[in-house]
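S.K.: The residues making up each chain are set out below.
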Amino acid sequence: MNVLAIDTSTYVMGVAVLRDGQVAGEMVTHVKKNHSIRLMPAIRMVMEEADMKPEELDRIAVAEGPGSYTGVRIGVTTGKTMAWALGIPVVGVSSLEALAANGRYFDGLISPFIDARRGQVFTGLYRSRGGEVERVDEDRLILHEEWVTYVREKEEPVLFLSPDLLKHKELVGADAAINPADHLGRPSAIAFAGMKKEPGEAVHLFAPNYLRMAEAESKWLEAQKERE
Amino acid sequence: MGDDGMKINEELMILGIETSCDETSASVVRGGREILSNVVSSQIESHKRFGGVVPEIASRHHVEQVTYIIEQALREAEVTMDDVDAVAVTEGPGLVGALLVGVNAAKALAFAKGKPLIGVHHIAGHIYANHLVEELTFPLLSLVVSGGHTELVLMDEHGKYEILGETRDDAVGEAYDKVARTIGLPYPGGPHMDRLAHEGEASIELPRAWLEADSFDFSFSGLKSSVITTLHNAKQRGEEIPEETIAASFQASVIDVLVTKTMRAVEKHGVERLVLAGGVAANKGLRARISEVCEERGLKMTIPPLALCTDNAAMIAAAGSVMYEKGQFADDRLNAQPGLELER
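Those protein sequences? They're chains C and S, same order as listed.
Note that the first sequence covers residues 1 to 228 in this note's numbering.
Note that the second sequence covers residues 1 to 344 in this note's numbering.
Hints were generated in silico from the structure; no laboratory data involved.
Check each hint, because a few of them may be wrong.
Claimed, not checked - In silico contact screen, one side only, chain C against chain S (beta carbon under 7 Å); selected entries:
1) T77
2) P89
3) L211
Unchecked claim - Mimicking BS3-like on lysine-lysine, the simulated pairs with C-alpha atoms at most 27 Å apart in a straight line are:
4) C:K196 with C:K53
5) C:K33 with C:K167
6) S:K178 with S:K7
7) S:K48 with S:K115
8) S:K300 with C:K219
9) S:K160 with S:K48
10) C:K219 with S:K178
11) S:K235 with S:K268
12) C:K32 with C:K167
13) S:K113 with C:K53
14) S:K115 with C:K53
15) S:K268 with S:K178
16) S:K284 with S:K115
17) C:K197 with S:K300
18) C:K225 with S:K48
19) S:K178 with S:K160
20) S:K113 with S:K326
21) C:K169 with C:K53
Don't be surprised by glycine CBs; every beta carbon is placed ideally from N, CA and C.
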């Protein structure tokens with residue numbers, strides 16, 4: 001299967017191309033630069049270097065969130081529009097699941113997280129089985145302190161992975177992966193996870209998984225409740 | 001006479017995409033002037049409860065709708081992407097998150113199908129809505145009036161814009177919405193104000209901001225404050241001013257300033273055509289007054305039909321067609337530019 005994978009859910013930008021299920025090209029940057037400007041040139045470059053023409057693609061896999069709303073939308077819009085134009089399926093992969101894949105040889109619990117401001121994180125719990133990670137606990141938005149306490153209560157070895165590790169180092173301490181590279185999700189992991197997924201819904205219905213309501217909406221709902 | 005000699009190929013097929021605010025729209029235009037389809041999905045019902053457009057919610061709607069709207073536009077035009085010569089998209093100005101969806105969809109489409117990409121200025125689009133109605137002739141003056149813009153734009157040829165004047169504070173549509181909110185009308189207030197204005201008498205003398213004698217700039221914040229003060233003072237005296245009277249007096253002041261300044265610019269620059277552009281061009285009072293004055297002076301005039309006054313992708317495709325013929329293409333790095341300038 002030929003797959004294009006896209007991740008713009010955090011400051012990490014990733015593009016990967018699989019040919020016949022093998023990694024033909026992969027590019028990762030971790031800089032505070034504009035995804036909207038850089039994503040399309042990156043896709044063109046990786047595709048060209050991998051000698052992959054758009055019409056040869058069988059599927060597009062996109063990090064569907066959680067993460068930066070705008071970032072996720074750039075990846076999802078690009079992925080779904082390409083898929084629609086080419087008449088191929090698009091599949092969403094959790095950006096946390098893709099990050100958890102970096103702990104695929106860790107014996108214990110894997111907790112990837114992305115900073116969500118005000119002491120909160122987008123996070124979830126995964127475990128490795130035979131070199132592949134599976135989800136143990138749903139992705140969620142939670143106060144980081146509360147989450148770390150919850151995970152430690154399980155009394156199992158745990159590995160924390162995060163592109164925002166520096167901001168959260170105190171809480172996770174020695175349980176964070178040592179190699180800095182392991183804190184950046186790889187787009188090839190999105191491609192492999194996306195390859196195994198059943199492309200369920202129509203391309204038109206593919207949308208980000210924000211894991212959080214827009215602020216105006218949650219405030220509005222609150223106001224409605226107070227009125228009742 | 002007035003024609004700059006640029007010809008748009010009659011068979012040129014442009015797909016336009018517009019997502020700068022709260023409308024997701026796609027359109028196919030042939031030969032720069034013929035609308036084959038113009039699909040507009042408005043989010044207004046979703047934003048009403050917040051009393052205005054919420055940018056994050058607008059962006060969320062755009063990403064959910066964008067490919068569906070594009071497909072619909074191609075289907076209604078009875079063409080496929082293979083028939084399309086280029087993809088034109090609004091690159092700015094507008095809400096950045098909203099613009100980003102259209103820009104990235106257009107880039108993805110252009111890359112996947114190997115089509116040229118064109119970045120269009122939203123206001124250029126509004127002006128070119130007129131080209132879909134009647135062939136533009138030059139020199140022309142455009143009065144651009146919307147929720148975000150109030151500008152007088154001079155054009156000597158296709159695709160070239162000179163801003164003679166613009167608002168120094170509130171855009172005219174913004175002033176309408178704010179006054180509407182003050183007298184308790186639901187969002188969006190402009191159309192309600194227009195309707196009420198026709199039912200009332202402009203019996204309250206409200207100020208007109210003429211600014212410096214030779215200036216083509218506008219200012220509407222003083223007018224808005226004056227309405228608030230007038231209402232407040234009346235209340236203090238235990239009087240009540242009917243909302244129709246407020247609406248009519250406000251509208252009279254706005255139209256007086258817009259029309260007077262426009263006509264002064266027409267004279268100074270010797271233009272031969274006046275075109276109206278932008279959402280507020282749907283205002284019945286303004287349309288009537290401008291038509292009247294142009295008729296008196298024998299000045300050629302175009303006002304787009306209501307559906308082409310508000311945001312739509314046909315106008316983007318029309319402006320994009322001119323850019324196609326001029327060879328003004330964008331590359332993969334095209335980005336959303338919320339503060340994009342018209343004079344480039």
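S.K.: Looking at the structure, which of the earlier hints fail to hold?
M.R.: Going through the list in order, the structure violates hints 2, 3, 6, 7, 8, 9, 11, 15, 16, 17, 19, 21 and respects the others.
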